[in-house]
Amino acid sequence: MATPVLEKDDAAGRPEPGFADSPYITVTLRVRRFNPEVAAEATWEDFQLEIDPKERVLDALHKIKWDLDGTLTFRRSCAHGICGSDAMRINGKNRLACKTLIKDINPEKPITVEPIKGLTVLKDLVVDMEPFFQAYRDVMPFLITKDTNEPTRERLQSAEDRERFDDTTKCILCAACTSSCPVFWNDGQYFGPAAIVNAHRFIFDSRDEAGEQRLEILNDRDGVWRCRTTFNCTDACPRGIEVTKAIAEVKRALITRRF
Amino acid sequence: MSTTETTASGIGPVEGGSVYNVDNPAPLIEAPRKRTKKSPKSTRGNFEMAAWLFMRLSGVVLVVLVIGHLLIQLVLDGGVSKIGFAFVAGRWASPFWQVWDLLMLWLAMLHGANGLRTVINDYAEHAQTRLWLKGLLYTATVFTILLGTLVIFTFDPNIR
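So the sequence lines, in the order shown, correspond to chains A and B. Each residue of the first sequence is one higher than the one before, counting from 41 in this note's numbering. Each residue of the second sequence is one higher than the one before, counting from 284 in this note's numbering.
No false leads were mixed into what you were given.
With a straight-line Cα cutoff of 20 Å, these simulated EDC-like cross-link-like pairs (lysine to aspartate or glutamate) come out:
1. A:Lys157 x B:Glu408
2. A:Lys149 x A:Glu90
3. A:Lys157 x B:Asp405
4. A:Lys105 x A:Glu95
5. B:Lys417 x A:Asp227
6. B:Lys365 x B:Asp384
Chain B is nowhere near these chain A residues, computed Cβ spacing over 10 Å in every case:
7. Pro93
8. His102
9. Met180
Hints are computed from structural coordinates only; laboratory data are not their basis. We treat Cβ as the ideally placed atom computed from N, Cα and C, and that holds for glycine.
Throw the hints in and build the complete structure from the sequences for me.
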């Protein structure tokens, strides 16, 4: 809009679509639909909607679900990039629908929205996350200490020691990285970037004492050595975690531990 | 089914009549690919780490060996036209070139075989396919390495 205007009451003040100063544009959302009760195959379905390009893909999905087709199924909880529920493949790239603005992904062409790859699709954009969380559980993502007594004082840590694993504490378990990994796509046995990131978070934590066990788990045939450093995970991470670097650090720790 | 078009007011075709019902249930969703009894046992041991390290180290050595080999064979001193029985016989008279070629043979074959092993692991979906492809790969590798080693050590320049 060229001139600043007072914020008006939502429904009444909204400029009609098609007017010159309307911020609304027509966007086509091409959504991958799958309903196992109707058809065995997934199909593409196009939805046309008027939307402000400064809104997010999640808002567009809400518009579809609330106004156009209530059967559209997708996950979202906080809708602000923290809960990690709404990772999906938007225009062929794994992103969070709640952090992707329409204007940033070329609204001229149809915007494709698919479920994340490598996990079984249950319905529309909802996948079975169980294999993903299984790998997460397998790396024991919790503090382990040899001292089994309840601590009587806080476990202190220097700022440098905290900094060592700061990057990997940002993970929100959205599965954007793991489901962008071509090695995971094949047989799903690979631990996947997210599990390794969460192992890294404890392996390099000075307070934790089970780093050795976690390294041993990741030394598995389906552990870190299956990483092909394609950097898909680093590209996909909505939190900007340097995932491939974390995997490389675990590899290095494994090698320096042995030799 | 092809792409379906839905206008702003429309209701998706998915909501229409279902082809499946109680008597004709929809196919079951494929089981998630999680760890089951059938999935491979976790491995203890450092084979994968050794293989990973070997790829990096042999790669560095191979750069020197292969580029040197190509220079000698194809570029320096008249290029490819000089290569003949006499040229090979002359080089293999020296233990240095014997060791060079032997090292290159072993490293290149193991490096390539290990690379293909990871490709098979990544791309073959069924255990049976993996087994056969790897069997073929290991057979070919062992055969080539043994044959090449035999030739380098038993090469007779006076053969008729």
